[in-house]
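Protein chains: 2
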Amino acid sequence: MNIGFDMMGGDFAPLEAVKGLQLYLSDNTRTASIYCIGDETLVKPLLEEYQVTSPNLHLIHAPEVIGYHEHPTKALKEKQRSSIAIGFHLLATGKIDAFISAGNTGAMLVGAMFSIKTIPGVLRPTISTVVPKINGGTGIIMDAGLNSDCKPEQLDQFAILGSLYAGNIFNIENPKVGLMNVGEEEGKGNILAQATYPLLKANTKINFIGNIEGRDLFNDKADVIVCDGFTGNIILKMAESVYDLAQQRGFANDEYFARFHYENYGGTPVLGVAKPVIIGHGISNAKAFKNMIAVAEKMIESDICGKMTELFKS
Amino acid sequence: MNIGFDMMGGDFAPLEAVKGLQLYLSDNTRTASIYCIGDETLVKPLLEEYQVTSPNLHLIHAPEVIGYHEHPTKALKEKQRSSIAIGFHLLATGKIDAFISAGNTGAMLVGAMFSIKTIPGVLRPTISTVVPKINGGTGIIMDAGLNSDCKPEQLDQFAILGSLYAGNIFNIENPKVGLMNVGEEEGKGNILAQATYPLLKANTKINFIGNIEGRDLFNDKADVIVCDGFTGNIILKMAESVYDLAQQRGFANDEYFARFHYENYGGTPVLGVAKPVIIGHGISNAKAFKNMIAVAEKMIESDICGKMTELFKS
Numbered sequence: 001m002n003i004g005f006d007m008m009g010g011d012f013a014p015l016e017a018v019k020g021l022q023l024y025l026s027d028n029t030r031t032a033s034i035y036c037i038g039d040e041t042l043v044k045p046l047l048e049e050y051q052v053t054s055p056n057l058h059l060i061h062a063p064e065v066i067g068y069h070e071h072p073t074k075a076l077k078e079k080q081r082s083s084i085a086i087g088f089h090l091l092a093t094g095k096i097d098a099f100i101s102a103g104n105t106g107a108m109l110v111g112a113m114f115s116i117k118t119i120p121g122v123l124r125p126t127i128s129t130v131v132p133k134i135n136g137g138t139g140i141i142m143d144a145g146l147n148s149d150c151k152p153e154q155l156d157q158f159a160i161l162g163s164l165y166a167g168n169i170f171n172i173e174n175p176k177v178g179l180m181n182v183g184e185e186e187g188k189g190n191i192l193a194q195a196t197y198p199l200l201k202a203n204t205k206i207n208f209i210g211n212i213e214g215r216d217l218f219n220d221k222a223d224v225i226v227c228d229g230f231t232g233n234i235i236l237k238m239a240e241s242v243y244d245l246a247q248q249r250g251f252a253n254d255e256y257f258a259r260f261h262y263e264n265y266g267g268t269p270v271l272g273v274a275k276p277v278i279i280g281h282g283i284s285n286a287k288a289f290k291n292m293i294a295v296a297e298k299m300i301e302s303d304i305c306g307k308m309t310e311l312f313k314s
Numbered sequence: 001m002n003i004g005f006d007m008m009g010g011d012f013a014p015l016e017a018v019k020g021l022q023l024y025l026s027d028n029t030r031t032a033s034i035y036c037i038g039d040e041t042l043v044k045p046l047l048e049e050y051q052v053t054s055p056n057l058h059l060i061h062a063p064e065v066i067g068y069h070e071h072p073t074k075a076l077k078e079k080q081r082s083s084i085a086i087g088f089h090l091l092a093t094g095k096i097d098a099f100i101s102a103g104n105t106g107a108m109l110v111g112a113m114f115s116i117k118t119i120p121g122v123l124r125p126t127i128s129t130v131v132p133k134i135n136g137g138t139g140i141i142m143d144a145g146l147n148s149d150c151k152p153e154q155l156d157q158f159a160i161l162g163s164l165y166a167g168n169i170f171n172i173e174n175p176k177v178g179l180m181n182v183g184e185e186e187g188k189g190n191i192l193a194q195a196t197y198p199l200l201k202a203n204t205k206i207n208f209i210g211n212i213e214g215r216d217l218f219n220d221k222a223d224v225i226v227c228d229g230f231t232g233n234i235i236l237k238m239a240e241s242v243y244d245l246a247q248q249r250g251f252a253n254d255e256y257f258a259r260f261h262y263e264n265y266g267g268t269p270v271l272g273v274a275k276p277v278i279i280g281h282g283i284s285n286a287k288a289f290k291n292m293i294a295v296a297e298k299m300i301e302s303d304i305c306g307k308m309t310e311l312f313k314s
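Protein chains in written order, with the numbering used here: chain A, 1 to 314; chain B, 1 to 314.
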């Protein structure tokens with residue numbers, strides 16, 4: 001398997017990307033070929049300095065970088081030699097099987113939707129975020145901010161995409177799907193939640209367990225939590241702030257609160273597009289990069305995008 | 001000043017209500033007259049047992065109780081001798097200046113809106129929840145669940161009501177109002193947030209500081225956070241669960257995380273109605289009841305409802 005890795009994305013690139021690669025390769029069981037895409041005048045000396053060598057490593061020169069504040073569509077068009085544009089080109093042509101970047105999020109989304117394309121039948125791709133459960137398990141919540149306003153049909157699709165992700169990446173059997181809401185009973189909620197409930201209830205491709213509430217985010221009620229991207233983004237950032245609060249109060253080393261740190265999850269996959277695309281946090285560090293590569297590996301191995309395509313055919 | 005206090009509301013009533021009263025009266029500076037509304041065959045022996053006596057205490061017999069699962073409108077109509085119905089009757093006729101109950105939330109809301117009435121000009125009353133800030137301060141977020149779907153004009157009014165509350169009850173001068181959103185820049189967000197931003201920006205009755213994000217809930221960016229009740233309710237319950245997580249991880253005694261416990265805030269006032277009405281948590285304990293009485297006292301003292309009425313005239 002071939003994984004494309006943008007060495008230039010993130011506030012601490014390419015140094016942290018190189019260190020992430022080092023971490024990843026230090027595990028000898030890894031067999032994926034990594035295509036490191038970036039400015040070789042910057043990346044090569046760092047790979048040498050950190051002695052990151054492997055027959056599975058391939059450096060692809062990308063002299064341009066898309067900055068954080070550039071307009072996604074415009075930048076992707078004009079900077080054809082940027083690491084993100086090259087990454088999507090390689091992914092679209094099948095040279096790589098997954099693409100990872102912690103660079104300009106908008107450019108990554110535009111690239112995912114326009115060079116890789118949405119899976120036929122999927123209304124809109126979605127991004128998710130990982131939720132650390134108090135019992136040690138892992139949940140995901142989606143949409144995490146890509147689609148601020150959603151239709152019930154979209155939430156219904158998120159449930160399918162999320163279930164496949166939880167099943168294939170977290171190895172959760174028959175993942176429980178919950179609808180984020182303000183009460184447990186059917187009929188509760190805003191117009192969107194009220195209209196979504198019957199769709200989820202009738203959806204035979206998922207294991208719908210009903211409504212869940214804000215207090216259920218960290219317990220074991222649901223493995224996959226669906227909501228619109230406005231709600232999901234607020235939840236995501238609020239959960240991230242729980243880590244900051246724990247840190248400020250001196251509990252950062254607590255085993256549970258430590259799991260709130262973004263680096264443990266690496267990045268967020270764009271679900272609903274035909275190939276694995278993973279977007280990293282702007283502040284990604286070595287551990288985050290390593291975990292992103294590991295998620296890409298799992299996504300390729302499980303052929304999750306192929307499974308999604310199959311499921312949306314029927 | 002006269003405060004009506006439902007002795008029968010809450011899972012642990014009337015015992016915890018009696019103990020809350022005891023706590024409140026143990027502070028000798030308290031001068032409010034408390035009208036204890038409840039079944040005297042249950043309340044009187046408890047008041048005697050706990051030696052809760054004061055010339056400021058008046059027991060009003062209410063032989064009926066509205067249960068948690070009763071239909072609010074129906075129960076209020078049929079159980080005229082219930083503590084909630086009597087409370088609102090006393091409030092409407094001016095015998096008491098505020099009414100507190102941890103009973104059936106729906107009945108409390110129906111009572112507030114129909115026997116006390118909404119302040120002229122207010123589209124819909126709102127309920128808020130308190131947010132403990134990491135710097136020691138206190139913020140409020142509203143709507144906390146009364147209005148799942150909102151119009152921009154409602155959020156604009158919540159900002160005014162919340163600013164008055166933060167100013168008069170928390171003594172925050174010129175409280176900063178933030179719009180809960182998914183990004184800082186104007187133009188971000190779902191349709192509701194996008195349409196609300198310009199209204200808040202143009203509102204001369206508030207100190208609007210712009211959008212805030214989920215991560216800003218516990219920092220000092222905003223004192224008053226406005227959002228629809230769907231979003232607010234999820235945030236409220238998620239914040240409550242942070243207390244549970246801290247407790248489960250053994251940090252319940254941490255000074256900051258302890259502030260997440262609902263008992264510190266007592267209850268949520270119904271804002272936008274003509275007189276102070278406070279709804280308590282179903283699991284209210286003595287400390288929560290004491291704090292509810294203290295909030296009622298502050299609301300009467302500051303004439304917050306009068307100020308709201310004035311502000312909505314102009």
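It cannot be assumed that every hint is accurate.
Note: identical chains are not told apart, hence a pair may lie in one copy or across any two.
Cross-link-like lysine-lysine pairs, in silico, DSBU-like; alpha carbons within 30 angstroms at most [what the hints assert, rightly or not]:
no., residue 1, residue 2
1, K74, K188
2, K117, K44
3, K133, K44
4, K205, K19
5, K77, K133
6, K201, K287
7, K237, K201
8, K201, K77
9, K313, K151
10, K313, K74
11, K133, K237
These are calculated hints, taken from the structure and not from any lab test.
Predicted model, so just to flag it, every value in this text is computed and none were measured.
Same-copy or cross-copy closeness of K201 to K77 [CA-CA at most 30 angstroms]: neither (43 angstroms within a copy, 36 angstroms between copies)
Go through the copies and call it for K205 and K19: within, between, both or neither, with a Cα cutoff of 30 angstroms. neither (41 angstroms within a copy, 52 angstroms between copies)
30 angstroms Cα cut-off: does K313 pair with K151 within a copy, between copies, both or neither? This pair counts as within: shortest intra-copy Cα distance 20 angstroms, inter-copy 38 angstroms.
Is it within a copy, between copies, both, or neither that the alpha carbon of K117 lies no farther than 30 angstroms from that of K44? neither (32 angstroms within a copy, 72 angstroms between copies)
Could you place K313 and K74 in one of the four classes (within, between, both, neither) given a Cα distance threshold of 30 angstroms? neither (33 angstroms within a copy, 50 angstroms between copies)
Within a copy, between copies, both or neither: where do K201 and K287 come within 30 angstroms Cα-Cα? neither (39 angstroms within a copy, 42 angstroms between copies)
Checking an output row: K133 and K44, CA cutoff 30 angstroms. Within, between, both or neither? neither (40 angstroms within a copy, 46 angstroms between copies)
Since the copies are identical, ignore which copy is meant and state whether K77 and K133 lie within 30 angstroms (CA to CA) inside a copy, between copies, both or neither. neither (41 angstroms within a copy, 44 angstroms between copies)
Using 30 angstroms as the alpha-carbon threshold, which applies to K74 and K188: within, between, both, or neither? Cα proximity of K74 and K188: across copies only (20 angstroms, versus 43 angstroms in one copy).
Within a copy, between copies, both or neither: where do K133 and K237 come within 30 angstroms Cα-Cα? both (16 angstroms within a copy, 16 angstroms between copies)
If the cut is 30 angstroms between Cα atoms, do K237 and K201 qualify within a copy, between copies, both or neither? both (29 angstroms within a copy, 24 angstroms between copies)
Hint violations for this structure: numbers 2, 3, 4, 5, 6, 8, 10, all remaining hints satisfied.
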